[in-house]
Amino acid sequence: MAKNISRIVLTGGPAAGKTTLISRILKEFKQEEGWKVITIPETATELISGFGLGPFEGCMSMLDFQYFVIGDQLHKEKLALRGAETVPEENVLIIYDRAVLDDKAYITDEEFTHVLSSFGVTEDELLSGYDAVLHLVTCAKGAEFAYNYGNAARYESVEEAREMDDRTLRAWSAHPSLHIIDNSVAFEDKINRAIGEIYRILGRPAPDAEKRKYLIRMPDVEKLTADYDAVPVEMMQTYLVQTKPGVERRIRQQKGGKDYLYFYTEKRLSEEGKRWVIERPISEKDYVSYLMECDMSLHPVRKTKYRFNFAGKRFEIDIYPFSDEKAVMFVYGEGLEQAALPQELEILKEVTGDADYKNRQLAKTQSL
Numbered sequence: 001m002a003k004n005i006s007r008i009v010l011t012g013g014p015a016a017g018k019t020t021l022i023s024r025i026l027k028e029f030k031q032e033e034g035w036k037v038i039t040i041p042e043t044a045t046e047l048i049s050g051f052g053l054g055p056f057e058g059c060m061s062m063l064d065f066q067y068f069v070i071g072d073q074l075h076k077e078k079l080a081l082r083g084a085e086t087v088p089e090e091n092v093l094i095i096y097d098r099a100v101l102d103d104k105a106y107i108t109d110e111e112f113t114h115v116l117s118s119f120g121v122t123e124d125e126l127l128s129g130y131d132a133v134l135h136l137v138t139c140a141k142g143a144e145f146a147y148n149y150g151n152a153a154r155y156e157s158v159e160e161a162r163e164m165d166d167r168t169l170r171a172w173s174a175h176p177s178l179h180i181i182d183n184s185v186a187f188e189d190k191i192n193r194a195i196g197e198i199y200r201i202l203g204r205p206a207p208d209a210e211k212r213k214y215l216i217r218m219p220d221v222e223k224l225t226a227d228y229d230a231v232p233v234e235m236m237q238t239y240l241v242q243t244k245p246g247v248e249r250r251i252r253q254q255k256g257g258k259d260y261l262y263f264y265t266e267k268r269l270s271e272e273g274k275r276w277v278i279e280r281p282i283s284e285k286d287y288v289s290y291l292m293e294c295d296m297s298l299h300p301v302r303k304t305k306y307r308f309n310f311a312g313k314r315f316e317i318d319i320y321p322f323s324d325e326k327a328v329m330f331v332y333g334e335g336l337e338q339a340a341l342p343q344e345l346e347i348l349k350e351v352t353g354d355a356d357y358k359n360r361q362l363a364k365t366q367s368l
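Read in order, the letters of the sequence shown correspond to residues 1 to 368 in this note's numbering.
Don't take each hint at face value.
[As the list claims (entries may be wrong)] Label-pair distances were calculated between CB atoms; the ranges are:
no. : residue 1 : residue 2 : range
1   : Glu-234   : Asp-286   : 17 to 25 Å
2   : Phe-51    : Glu-234   : 34 to 42 Å
3   : Phe-322   : Gly-58    : 39 to 47 Å
4   : Leu-81    : Ser-118   : 16 to 24 Å
[Stated by the list, open to error] Derived DSBU-like pairs (lysine-lysine); straight-line CA-CA distance at most 35 Å:
no. : residue 1 : residue 2
5   : Lys-326   : Lys-358
6   : Lys-223   : Lys-76
7   : Lys-305   : Lys-244
8   : Lys-326   : Lys-76
9   : Lys-244   : Lys-223
10  : Lys-211   : Lys-36
11  : Lys-305   : Lys-285
12  : Lys-223   : Lys-255
13  : Lys-223   : Lys-258
14  : Lys-223   : Lys-30
15  : Lys-349   : Lys-141
16  : Lys-305   : Lys-36
17  : Lys-78    : Lys-211
18  : Lys-326   : Lys-349
19  : Lys-258   : Lys-141
20  : Lys-76    : Lys-213
21  : Lys-30    : Lys-244
22  : Lys-258   : Lys-364
23  : Lys-285   : Lys-349
24  : Lys-211   : Lys-364
For the record, the hints were derived by calculation from the structure and aren't laboratory data.
A virtual CB, placed ideally from N, CA and C, is assigned to each residue, including glycine.
All chains should be modelled from the sequences, with the hints used to inform the complete structure.
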C-alpha cells in the first residue's frame, strides 16, 4: 500500500503558538493509531543557540545568515522526506516549524531569489514541496497581554512582532493552501481551530473540540478494546513548584506505542480572566531535570486513557490506579444522548467544569 505523506508548514509571527500546536499534534496523531509525526525544528533558532551563528554584530549580516539557514533547512527537509518513506507507518505527517519561505521575510525579494539560485532551486519549486501552510497570527495582534508570556527574553517589541507577522504572511501568500489562524477566539480554541484545519487538509473529519465530562462506573476495558478498538495510552502528569505568581507548571510523560513523549506546560489567567496555555515537547533529559522541581504537596497523576469512536462521536475514558470502581469519560460533540452511548457504559453523573474532577484536584485527593 502506498504511503500517505503529508507536509504541513507552521508559520507566523513571534509568539503565535506554533510550539504549543506542535505538542498538540504529537498528542493527537498517535503512533498506536497508525501515525508517524516527523517534526523539523526551527532552523534559525538552532543555528543561533547551538552554533552561535546569527545576524548580529561581529558575526555576519542577515543576508549571509540566510545562506546558512536555507542550506540547513533544505538538507533537513530532504532527510525528513527520506525518513517518511522509510518508517513502517503508512500515515506520515511532516511538520515544519517554519520553512524556507519564512526566510523571505528577513531579506529583499531579489536577495531571496539570489540565495535560492545558489542552491539550484526556485520559489515555485519550494512552494510545491509543501501540501499546506498554517499561519498562526502573533498574539501581538489581538492577545497582547500574552505576548511575552513564556519568553521574557523575546527581543521583538509588540510593533516589531506585528510587522514580522505581516512580512511572514506575505512571504507565503503565493501558496495555494494557506490557512490563517487568528486570535479572534481564546488561545485553546485557536489551537483547536488549527488542529481542525490539519484534519481537513488530511481529508479526514475533524473531531469536535467541544467536550463534556462524566463520572462513570468502571468499564470492562478489555471489551472496549475488543469491540470498539479502544487504544490505551499511559500517562503521568507531575505538578511543579510555582516560580511565577498565578502560573501553574506541570510536565507530562506519555507512552504511545513503543515510544515515550514528554511535554512541559504552563497555564495562567490574565487580569481580564483570559486563560492562556503554552506547551512544548521536551527531551527525556529535560523531563528528568524538571522532576527535581516537583511539588511535593501533590501526587503525580497516573492514568491510562482509552480513546475510541462510537456513533460519530469521540470518546476518551481515563482509568486511574487509585480507583477500582469509577472512571472519568470525555465525550466530544454537542451533548450526549443516551442512544449514542455504548450500552456497556454506565454514567453516574456529569462533572463538566466540576473542580473536584480536574487533574490538579485529583493530584491532591487521589480519589474519584
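Hint by hint, here is what the structure shows:
Between Glu-234 and Asp-286 the CB atoms are about 20 Å apart, so this pair conforms to the stated range of 17 to 25 Å. A beta carbon spacing of about 37 Å between Phe-51 and Glu-234 agrees with the range 34 to 42 Å that was offered as a hint. For Phe-322 paired with Gly-58, a C-beta distance near 57 Å fails the hint of 39 to 47 Å. At roughly 21 Å, the beta carbons of Leu-81 and Ser-118 sit within the given window of 16 to 24 Å.
In summary, the hint linking Lys-326 to Lys-358 is supported, as the alpha carbons are separated by about 15 Å, within the 35 Å threshold. Of the pairs offered as hints, the one joining Lys-223 and Lys-76 is violated, with about 44 Å between alpha carbons and a cut-off of 35 Å exceeded. For the suggested pair Lys-305 and Lys-244, the alpha carbons sit about 31 Å apart, so the restraint of at most 35 Å is met. Of the supplied pair hints, the one linking Lys-326 and Lys-76 is violated, its CA atoms being roughly 47 Å apart against a limit of 35 Å.
Straight-line distance between C-alpha atoms of Lys-244 and Lys-223 comes to about 45 Å, which puts the hinted pair past the 35 Å bound. Proximity of Lys-211 to Lys-36 is assessed by CA-CA distance (about 26 Å); at most 35 Å being required, the pair is judged to hold. A distance of roughly 25 Å separates the Cα atoms of Lys-305 and Lys-285; the hinted pair therefore holds under the 35 Å criterion. Between Lys-223 and Lys-255 the alpha-carbon distance is near 22 Å, which keeps this suggested pair within the 35 Å criterion.
Taking the CA atoms of Lys-223 and Lys-258, the gap is about 23 Å. The hint holds against a cut of 35 Å. For the suggested pair Lys-223 and Lys-30, the alpha carbons sit about 21 Å apart, so the restraint of at most 35 Å is met. Of the pairs offered as hints, the one joining Lys-349 and Lys-141 is violated, with about 41 Å between alpha carbons and a cut-off of 35 Å exceeded. With a CA separation close to 19 Å, the supplied pair Lys-305 and Lys-36 stays within the 35 Å bound.
Of the pairs offered as hints, the one joining Lys-78 and Lys-211 is violated, with about 39 Å between alpha carbons and a cut-off of 35 Å exceeded. A hinted pair counts as satisfied when its Cα atoms are at most 35 Å apart, and Lys-326 with Lys-349 qualifies at roughly 11 Å. For the hint pairing Lys-258 with Lys-141, the CA-to-CA distance comes to about 41 Å; that exceeds 35 Å, so the pair is violated. Only pairs whose Cα atoms come within 35 Å are accepted, and Lys-76 paired with Lys-213 is rejected, the gap being roughly 42 Å.
This hinted pair checks out: Lys-30 and Lys-244 have alpha carbons roughly 33 Å apart, not beyond 35 Å. Taking the CA atoms of Lys-258 and Lys-364, the gap is near 30 Å; set against the 35 Å cutoff, the hint holds. Restraint check: the Cα-Cα separation between Lys-285 and Lys-349 comes to about 41 Å, which exceeds 35 Å; the hinted pair is violated. Restraint check for Lys-211 and Lys-364: the C-alpha separation of about 24 Å stays at or below 35 Å, so the hint holds.
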